[in-house]
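K.L.:
Each chain, letter by letter, is given below.
Number of protein chains: 2
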Amino acid sequence: MEQVSLPPLSRVAVCGGTHGNEMSGVYVVREMQRQKVEKVGSASVTTVISNPRAVEVCRRYTDTDLNRCFTDDILSSLVTDASPYEVGRAQELNIQLGPKGSAEAVDLLCDLHNTTSNMGLCIISYSFSDWVCLHIYKHIQKKITSMPVRLILLDIPLSEAYSQESLGKHGIAIEVGPQPHGVVRADIYNAMKEAVDQTLDWVKDFNSGSVFEGGKLEVFTFMSVVDYPRHPETNQIMAAIHPQLQDRDFCLLQKGDPIFLSFSGETVHYEGEEPLYPFFVNERAYYEKNIAFRLARKKMITIPCLQVNKD
Amino acid sequence: MEQVSLPPLSRVAVCGGTHGNEMSGVYVVREMQRQKVEKVGSASVTTVISNPRAVEVCRRYTDTDLNRCFTDDILSSLVTDASPYEVGRAQELNIQLGPKGSAEAVDLLCDLHNTTSNMGLCIISYSFSDWVCLHIYKHIQKKITSMPVRLILLDIPLSEAYSQESLGKHGIAIEVGPQPHGVVRADIYNAMKEAVDQTLDWVKDFNSGSVFEGGKLEVFTFMSVVDYPRHPETNQIMAAIHPQLQDRDFCLLQKGDPIFLSFSGETVHYEGEEPLYPFFVNERAYYEKNIAFRLARKKMITIPCLQVNKD
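Sequences listed follow chains A and B, in order.
The first sequence begins at 1 in the UniProt record's numbering and counts up one residue at a time.
The second sequence begins at 1 in the UniProt record's numbering and counts up one residue at a time.
Because the hints were derived from the structure by calculation, they are not lab data.
Quick caveat, the model's predicted, so the values are computed rather than measured.
Treat the hints with caution; some may be incorrect.
Interface residues of chain B toward chain A, partial, derived using beta-carbon atoms under 7 Å [claimed, not checked]:
(1) Tyr27
(2) Glu31
(3) Thr116
(4) Pro180
(5) Gly182
(6) Val183
(7) Val184
(8) Ala186
(9) Asp187
(10) Tyr189
(11) Ala240
(12) Leu261
(13) Phe263
(14) Asn282
DSSO-like mimics (lysine-lysine), calculated; alpha carbons at most 30 Å apart, straight line [to be verified]:
(15) A:Lys298 / A:Lys216
(16) B:Lys193 / B:Lys289
(17) A:Lys193 / B:Lys289
(18) B:Lys216 / B:Lys298
(19) B:Lys193 / B:Lys255
(20) B:Lys193 / A:Lys289
Beta carbons: idealized from backbone N, C-alpha and C, even for Gly.
Make a model of the complete structure from these sequences and hints.
P.N.:
Set out below in structure tokens:
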């Protein structure tokens, strides 16, 4: 089997409150700050509340979604008094944790998120060949048994990667649900805290020279989105997610399966030819983004054996 | 058994969006408006989106909680440009549906609410002797089998009753959960819609002269509130609802039972001497009101046989 060696991860950042009403990440970061977690083995750990203004008012964002502001275009745009708060904040974070794509960027950025969807614990990452992220996923999946753990890969070039974890040399989002926005549930908090602890344990072991076995991983790759049926004039939704789809994230959706139940009682069926896996089903923040759920294809990938390159 | 006759209910109002992010009520009202539900038997039906500005931005309220604005004091206060939007809106609603406590008020007001708590379907009302409300509860409880149906009674004088249903001669809030705010779930929408339909069916039968048997009812009466453990300086919460209490609304809480799990892992126990029933456990809107959950006592009450008085 292929064997890869990579440089040590000397700087790690853990960020919460990128969406100000996703409470598990806010409280995990605050608890790490209270416990003064600043080192793990030889690596430094930085903890950040990404959008303090949004956390203060317990909303996703104040002017615009911060977690769509980390593209090269927005990070290099001119900020004026008229700019959305989050554009300026994204540029501050890029200075603190990046610059994105540069040698100065943190080695690993973990960004903490919650969803109202029944997704369990998901690791979301941008690359099919970021062996650090994929090995961290493999480790978390092995260690966490309280809920399903899955991997979602987005295939987007780094320059267009819009979310905060793209600032790091390696980046993962840890997405846990279901949890209503503005609420913290102990079960969801505990799963997220354990995922962060396991990530930091992995970093310590990696930097110490442990050899991580390669192998096969099941991954979900993003394919498309489905919007709610909407009124052509008012744009108001006319249906809810069907009870047979609600809470069934990552259960295969076949042609003819019910996907929506209209407010007057009619069922809408899935018409796609290819069976796919729905996720982010009924995520609260996606109503305004015209997304009722996303669809993924399942694949197997093979990752190599990994160890640190101390040279 | 005692027999009571009461005047017909000639004007009914169904209100949603009193809290602008409690979506089932918004969509039930909109669906009734789309279907042009304006009569049920001999009674008129008025449908109202109570807080349209809050619905527009999908928040509980814009300036202040509308559903705390229906006390006599606030309804009679002088409204100026500096007043919170919701105070003026409460006074508009009082003109449209009240005036509260007057002969002109609607006969029955149903106000539709959602909660993030696992409360099933609850009817909330202000009086132990409002036989109309209590018989409507009895009817709904018999008809709806998809989730538990319970009755919560608040013992507050009408002048201090703060919520919108107090504008009607008879008033109930229909509270259904769990549903994240800003989200509509088909199961929760359907239960609320059925509760409204059953209420209107009952009104039609009552006005037509049906005789409703009396009997015993189990009710929950509000006793006290419990707040989260908070940091004495920052006021930030230091614990979440314990997993053994989360989602266990209306399960008896005994001295020594776990109620909170701190973010560093310590359990906090219930210290009350009297076993009581928790409800509104981890309701999202109550973090800012310093309420982690409410506590109720369970009682049995007897309601008389009821029929319309056509004189």
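K.L.:
Each of the hints needs a verdict: does it hold here or not?
P.N.:
Hints and how they fare:
no.	hint	in the structure
1	Tyr27	holds, 5 Å
2	Glu31	holds, 4 Å
3	Thr116	holds, 5 Å
4	Pro180	holds, 3 Å
5	Gly182	holds, 4 Å
6	Val183	holds, 5 Å
7	Val184	holds, 5 Å
8	Ala186	holds, 4 Å
9	Asp187	holds, 5 Å
10	Tyr189	holds, 6 Å
11	Ala240	holds, 4 Å
12	Leu261	holds, 5 Å
13	Phe263	holds, 4 Å
14	Asn282	holds, 6 Å
15	A:Lys298 / A:Lys216	holds, 13 Å
16	B:Lys193 / B:Lys289	holds, 29 Å
17	A:Lys193 / B:Lys289	holds, 27 Å
18	B:Lys216 / B:Lys298	holds, 13 Å
19	B:Lys193 / B:Lys255	violated, 38 Å
20	B:Lys193 / A:Lys289	holds, 27 Å
Comparing the model with each numbered hint stated earlier shows that hint 19 is the single one that does not hold.
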